[in-house]
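Protein sequences, first through last, are from chains A and B.
Heads up: the first sequence begins at 1 in my numbering, then just goes up one per residue.
Heads up: the second sequence begins at 1 in my numbering, then just goes up one per residue.
What the hints contain is simulated information worked out from the structure, not anything from laboratory work.
Remember, it's a predicted structure, so these values are computed and weren't measured experimentally.
Check before you lean on any hint, since a few could be wrong.
Identical chains blur together in the list; that is why a pair holds if it fits in one copy or across any two.
The calculated lysine to any residue pairs, modelled on SDA-like cross-linking and capped at a C-alpha distance of 25 Å, are [unchecked claim]:
1. 13 / 49
2. 108 / 135
3. 192 / 155
4. 134 / 76
5. 134 / 115
6. 134 / 196
7. 134 / 80
8. 134 / 75
9. 108 / 275
Number of protein chains: 2
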Amino acid sequence: MSAQILDGNATAKAILNDLIAEVSRLSEQTGKRPVLATVIVGDDPASHTYVKMKVNRCRKVGIEPRQITLPAESSTEQVVSEVRKLSEDDSVDGILVQHPAPAQVDEKQVFEAIDPDKDVDGVTAGSLAAMAFKEQGFRSATPGGIMRLFEEYGIELAGRHTIVVGRSRILGIPMGLLLLAENATVTYCHSKTVDLKDHVSQADIVVAAAGQPGLIAGDWIKTGAVVADAGYADNAGDVEFDVAADRAAWITPVPGGVGPMTIACLLEQTVESHRRRHGLD
Amino acid sequence: MSAQILDGNATAKAILNDLIAEVSRLSEQTGKRPVLATVIVGDDPASHTYVKMKVNRCRKVGIEPRQITLPAESSTEQVVSEVRKLSEDDSVDGILVQHPAPAQVDEKQVFEAIDPDKDVDGVTAGSLAAMAFKEQGFRSATPGGIMRLFEEYGIELAGRHTIVVGRSRILGIPMGLLLLAENATVTYCHSKTVDLKDHVSQADIVVAAAGQPGLIAGDWIKTGAVVADAGYADNAGDVEFDVAADRAAWITPVPGGVGPMTIACLLEQTVESHRRRHGLD
Numbered sequence: 001m002s003a004q005i006l007d008g009n010a011t012a013k014a015i016l017n018d019l020i021a022e023v024s025r026l027s028e029q030t031g032k033r034p035v036l037a038t039v040i041v042g043d044d045p046a047s048h049t050y051v052k053m054k055v056n057r058c059r060k061v062g063i064e065p066r067q068i069t070l071p072a073e074s075s076t077e078q079v080v081s082e083v084r085k086l087s088e089d090d091s092v093d094g095i096l097v098q099h100p101a102p103a104q105v106d107e108k109q110v111f112e113a114i115d116p117d118k119d120v121d122g123v124t125a126g127s128l129a130a131m132a133f134k135e136q137g138f139r140s141a142t143p144g145g146i147m148r149l150f151e152e153y154g155i156e157l158a159g160r161h162t163i164v165v166g167r168s169r170i171l172g173i174p175m176g177l178l179l180l181a182e183n184a185t186v187t188y189c190h191s192k193t194v195d196l197k198d199h200v201s202q203a204d205i206v207v208a209a210a211g212q213p214g215l216i217a218g219d220w221i222k223t224g225a226v227v228a229d230a231g232y233a234d235n236a237g238d239v240e241f242d243v244a245a246d247r248a249a250w251i252t253p254v255p256g257g258v259g260p261m262t263i264a265c266l267l268e269q270t271v272e273s274h275r276r277r278h279g280l281d
Numbered sequence: 001m002s003a004q005i006l007d008g009n010a011t012a013k014a015i016l017n018d019l020i021a022e023v024s025r026l027s028e029q030t031g032k033r034p035v036l037a038t039v040i041v042g043d044d045p046a047s048h049t050y051v052k053m054k055v056n057r058c059r060k061v062g063i064e065p066r067q068i069t070l071p072a073e074s075s076t077e078q079v080v081s082e083v084r085k086l087s088e089d090d091s092v093d094g095i096l097v098q099h100p101a102p103a104q105v106d107e108k109q110v111f112e113a114i115d116p117d118k119d120v121d122g123v124t125a126g127s128l129a130a131m132a133f134k135e136q137g138f139r140s141a142t143p144g145g146i147m148r149l150f151e152e153y154g155i156e157l158a159g160r161h162t163i164v165v166g167r168s169r170i171l172g173i174p175m176g177l178l179l180l181a182e183n184a185t186v187t188y189c190h191s192k193t194v195d196l197k198d199h200v201s202q203a204d205i206v207v208a209a210a211g212q213p214g215l216i217a218g219d220w221i222k223t224g225a226v227v228a229d230a231g232y233a234d235n236a237g238d239v240e241f242d243v244a245a246d247r248a249a250w251i252t253p254v255p256g257g258v259g260p261m262t263i264a265c266l267l268e269q270t271v272e273s274h275r276r277r278h279g280l281d
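Turn these sequences into a full structure, and let the hints guide you.
Structure, rendered in C-alpha cells:
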C-alpha cells in the first residue's frame with residue numbers, strides 16, 4: 001500500500017492524554033469534575049458493551065460517568081422525564097442517550113429533551129443548526145471525530161471536492177454540513193444515487209458512512225484521495241481497504257480509524273461543556 | 001429557446017386561488033381566520049416594500065396580517081420579547097421576522113424565540129432538522145417554494161444529480177437538505193468551490209442561489225437539465241438566461257419564477273399551521 005494511515009487509535013489516545021491533564025487542571029480551579037450522564041433503555045448487549053467502554057474511558061480521563069438504565073418497556077414520556085432531570089441537574093455537563101432505543105420510544109422527542117448546552121453527542125436540532133452554520137454548539141460525535149482526525153493530520157478541506165456516502169441523522173447528514181462549513185464542496189450520495197462509482201472516482205475526499213461492507217470498490221478511489229471510512233457493520237468498512245490503500249494518499253483503517261475518534265470527540269466535548277458552563281478558560 | 005418555463009407567477013396564482021377556497025372552508029368550521037404576524041425592525045425601505053406585498057397577498061387569500069414595527073434602535077431583548085409574545089398568543093398561526101434586522105439585533109436569538117409550530121418562514125433550528133429528516137415542520141420559504149414548483153411541474157428528483165450553488169442559512173443549505181430528503185444526489189457548491197463550471201455541467205438539476213448575477217454561464221448547463229434560479233441581486237438571476245434556455249429542458253424566469261413561489265409557500269404554510277393548531281383536516 002502507498003497510502004499513509006489516518007491513525008484513529010493513536011490520535012484518540014493523544015486526545016485522551018491531553019484531556020487527563022486538562023481535567024486535572026480544571027478540577028484544581030473548581031474542585032469539581034466534568035460529569036457525563038448516559039441514558040440506556042433496555043438490555044441490548046451491544047449497547048451495554050458500548051456504554052461500558054465509554055464509562056471506562058470517562059474514568060480514565062477523570063470525567064465522572066453516571067449511568068441511568070431504564071427498563072426495556074419504558075415509554076417515551078418516562079425516558080423524556082429522565083433526560084429532563086439530567087438537563088436540569090446543574091452537576092451534569094453532558095448527556096448521551098444510547099442509540100438505538102426500543103421501538104416504542106420516540107427518539108426525536110427524547111433527543112429534544114436534552115439541554116442543547118449539554119448535547120455533547122450532537123443529536124439535537126440545535127446542534128444540527130450549530131454544525132450547519134458554524135455557531136457555538138456541539139458536533140455529532142462520529143462526524144466530529146472525523147473532523148478532528150482531518151485536523152490532526154492537516155488534511156486540507158477548503159475548496160476540495162468531498163463525497164459523503166450515506167445520509168443518516170447523526171452521521172452522514174451532519175458530516176456533510178461540517179465539511180461544507182469548512183469550505184469543502186460537498187456531494188451527498190446514498191442508496192438512491194445513480195452511478196455511485198462515477199461520483200466517488202471524482203472526489204478528493206471520500207467519507208464512507210453507509211454501513212455496507214465493501215460498498216465502495218477500492219479502484220473507484222482517485223489517486224491521491226483521502227478516505228475516511230465510518231463503516232460500522234460487523235466491524236467491517238464500507239471501502240475495500242487493500243485496493244483503496246494502493247491509490248489513496250491517506251486512509252483510515254477499520255477498526256482503529258474512525259471508531260476511537262467518536263469516543264474521543266464525545267469526551268472532549270464533555271470537558272468543553274464543563275469549561276463553558278463554569279466560565280473557565 | 002427550447003426550454004419550457006417553470007412559471008412561478010402562474011403556479012403561485014393557482015396556489016393562492018386554492019388558498020382562498022381553503023381559508024373560506026376552514027373559517028366556516030371555526031369562525032376564525034389564519035393569522036400571520038410580521039415583525040419588522042427599523043425602516044429599511046426594501047423590507048417595508050416586501051412586507052407590504054406580503055400583507056396584500058395575505059388579505060387576498062383571507063389570512064389576517066398583523067404587523068409589528070419596532071424602532072431601528074431596538075435591542076435583541078426587545079425584539080425577542082415581541083416575538084415571544086406572538087409565540088404565546090393563541091390567535092397567531094404564523095410568525096415572520098423580516099430579514100435583515102439592524103446589525104445590533106442577534107437574528108439567531110430572535111429566530112429561536114419563534115414557536116417552531118408557528119415558524120411558517122422556516123428559520124428555526126427545529127425547522128432545519130424537520131427539513132433534513134423529513135419530519136413534520138415547516139420549510140424555509142424560498143427553498144419550499146422551489147420544491148412546490150418542482151412538484152407542480154412533475155420534475156423528478158429521486159436519483160438525479162442536483163447542484164445547489166450557494167449555502168446561505170435560509171436558502172442554499174435548506175434547499176440541499178430538502179432535495180436530499182427527496183432522494184436526489186446533492187452537491188453544494190459555493191464561493192470556495194474549485195471549477196464551478198465542471199460541477200454545473202454535470203448536473204441534471206441546478207438550483208442557483210448565490211445572488212451573483214450571471215455567475216453561471218448559460219453554456220455550462222447540460223442539455224435537458226432543469227434550472228431553478230433563486231438569484232435575487234438587483235432582480236437579476238444567477239444564470240445567464242438566454243443561453244441556458246437553449247439547453248435546458250425546464251427553466252425559471254427571473255422575475256416571475258422563484259420569487260412569487262416564496263410568498264405562496266409562506267401563505268400555504270400559514271394556512272397549514274392554522275389547520276394543525278386547530279386539529280382540522
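Hint by hint, here is what the structure shows:
no. : hint      : verdict
1   : 13 / 49   : within (20 Å within a copy, 58 Å between copies)
2   : 108 / 135 : both (22 Å within a copy, 10 Å between copies)
3   : 192 / 155 : between (29 Å within a copy, 16 Å between copies)
4   : 134 / 76  : between (31 Å within a copy, 20 Å between copies)
5   : 134 / 115 : both (19 Å within a copy, 23 Å between copies)
6   : 134 / 196 : between (29 Å within a copy, 23 Å between copies)
7   : 134 / 80  : between (28 Å within a copy, 22 Å between copies)
8   : 134 / 75  : between (35 Å within a copy, 23 Å between copies)
9   : 108 / 275 : between (27 Å within a copy, 23 Å between copies)
Consistency with the previously given hints is maintained throughout, with no hint failing.
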